[in-house]
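K.L.:
So the chains spell out like this:
There are 2 protein chains.
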Amino acid sequence: MIAIDPARLRSRVETLARFGGLPGGGVTRPCWSPPYEEARAWLLGEIRAAGLEAWVDPAGNVFGATGMGGFGAERPAVLTGSHIDTVPEGGILDGALGVLAGLEVLQTIREAKTAHRLPLAVAAWSDEEGRYGSLFGSRAFCGTLDLLRVEEMAAVDGERLVDAMARAGFDARRSGEAKAPAGAVAAYVELHIEQGPRLEEAGIPIGVVDSIVGVRRSRVVFTGQADHAGTTPMERRRDGFLAAADYALKARDLVVKHGGGRSVTNFGVVHVHPGVSNIVPARGELVHEMRGPDAKTLEALARRCASLASRVARRRGVGVELRPMSATAPALCAERVQAAIEGACATLGLGSTRLYSAAGHDAQNLAAITDAGMIFIPSKGGRSHRVDEMSDWDAIARGANVLLHALLALAA
Amino acid sequence: MIAIDPARLRSRVETLARFGGLPGGGVTRPCWSPPYEEARAWLLGEIRAAGLEAWVDPAGNVFGATGMGGFGAERPAVLTGSHIDTVPEGGILDGALGVLAGLEVLQTIREAKTAHRLPLAVAAWSDEEGRYGSLFGSRAFCGTLDLLRVEEMAAVDGERLVDAMARAGFDARRSGEAKAPAGAVAAYVELHIEQGPRLEEAGIPIGVVDSIVGVRRSRVVFTGQADHAGTTPMERRRDGFLAAADYALKARDLVVKHGGGRSVTNFGVVHVHPGVSNIVPARGELVHEMRGPDAKTLEALARRCASLASRVARRRGVGVELRPMSATAPALCAERVQAAIEGACATLGLGSTRLYSAAGHDAQNLAAITDAGMIFIPSKGGRSHRVDEMSDWDAIARGANVLLHALLALAA
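Taken in sequence, the protein lines are chains E and W.
Using this note's numbering, read the first sequence as starting at 1 and increasing by one per residue.
Using this note's numbering, read the second sequence as starting at 1 and increasing by one per residue.
In case anyone wonders, no lab produced these hints; they're calculated from the structure.
Hints are supplied without guarantee of correctness; some may be wrong.
Claimed, not checked - Calculated lysine to aspartate or glutamate pairs in the EDC-like style (CA-CA distance at most 20 angstroms, straight line):
1) 257/E to 235/W
2) 380/E to 89/E
3) 250/W to 235/E
4) 296/E to 235/E
5) 179/W to 146/W
6) 380/W to 321/E
Generate coordinates for the entire structure from the input sequences, incorporating the hints supplied.
P.N.:
Printed below as a string of structure tokens:
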């Protein structure tokens, strides 16, 4: 039975980990950064060396393919992929696994000369982690990028997307040209680490993703009054930070209580102005993220949080403003793709279970234009977005082989 | 009766406000910054033009004097002063008033050829607001600067004091040479805006300060675990920010409840690491400031807050570290100086009341080496450390004339 080369895959994973690699392990490789651009050049070289067609689209997405002449050719392609950007101090598998396993699968099929009716392709999507805008590359490819917003997209440190892309040799304003022709993709399958503890704890090697959570991000800004932190009586202070702190604690409890057991929330970005020890903060600013697999629950949570923000602001004598930053709806995976993955598991004698993805993925954009699905393998200790994120090398090989057989089934 | 020139004083206040002046009013003039250095050069010129002796010591403190040849001469000097640095987006009077009123008083006395047994001097102390270390210049002058810490002193943006002072032409390591000889200062009186609402609300023109609050600053660092903000179950998160938020809200209530009605607290600096919307914060960091006029109460509050921090950390599964940054003890003003100020008020027919200062001042350092006191005038609306901080020009003239007569009484 055809199988991938686990040593070659591992070697590529370890090589890619060196671009932006950190002294104690883990990687910081944000999209468009110098280490990212070096990694992208290396990846293109590997695709070419594997004997595959290689190209880059105007959104910076990298493709490798066998048996096709770009998207929109006569026969639609069966596509796999993921991303090679990372969060700051992230791990070596998140994204990288899906791209390099896809490359390994295509190389294996090409070298084995295995027949496949439809062409096969692998993608490395730009800025999945959203330094400038999450799932940027796959949004451009799927035609859901808001081109009017490209000019204002910027990283938290203020760097603009147009400048970052220009440095890498791209014109951000032309990202829309990356849109795939209608009907160009026959199916999409993405291999990824679970990033949570469910598979490991259940002792099941393969997760078949049935849905992907929606993610809502808003900026919540409480505005009070800067005052002297010694001379202003405590009861007269209008403290923007304490209001933000109060809101964060209560919103967290609200999401746990009303989220149906599957919704989560986070306050990962916090800014206080003017940020001086002897001045009462005039402004407390949070980025409030909420996720859940159910669209209605997510909507209801957003409404509850908005009214909570108003109550907290009123009680503390400050103003509050909610600015929506992004919102993706939960996405359903195609039954046909789930069946192909389960068929591959059966072929390989591997147990599997259906589960939802608690993280956003490029697959959710692809789900809007084609039949999409995802394969999960266990994450050690459920760890993710951390330098010590890992999976067993055996589990990685199992996941890549499931991808191989699922792609062949979908391309047959 | 001898009196200051209110128009000349106002003109100098308005001129000084232009160094680091902001478009909508107010000033940003941190110590050692380019606008500060320009303001310092201008002040030296004004002192000289007023016919006073002028010099700068190794800590960057600026002095003007009449009838003396520097500190440690035969007769001790009666000293006044304040500072010309400001907080970011501060007002035009905080500090500036005490320096320019002192200059105006000395110039008035010199021009009127009024007899005074002891020499008179005015100081502009470096970095009162503590960009690098609060009350820096007066600490150096009073011999309480910890020279071993000078190398590590740095602003919140990371800039080191030694570099900032070197840019201004000073060697920070030599700041200790600014120490005044024992017995060089006969008394110290500082004129300042109240920075709170008490005088205005009571309708009393002059405050005679009887004590100055002690200020404690600590860095409180909660360390949890960075995790993926989508895939990590809510109950397993070890969120450094939510722990910091919980602590801040509870510590605020604790200080209000156990602070004896006169202690205050603030969290003006907040940092979250890694600071990304889709990562659970591994670390939440606060600068916790507490002030109070009573040393024992302040000590007890610090102990209660330390145990609160441990409880919050334990309950939330994170670690916590408290790093003391600075601590000044509450200072008592000398009865002799308070009497001199009250005598000046009687001479001028002005009502006065004794009160404590809720803000730290250079006078608290001077209180350790001489008889020290402070004169307060009302702040409009109690506003302070804000661009719209202000007092009436008439109130300013009244305060300067009280300073004039108090200094003459102490120098007689």
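K.L.:
Tell me, which hint numbers fail for this structure?
P.N.:
Hints 4, 6 not satisfied by this model.
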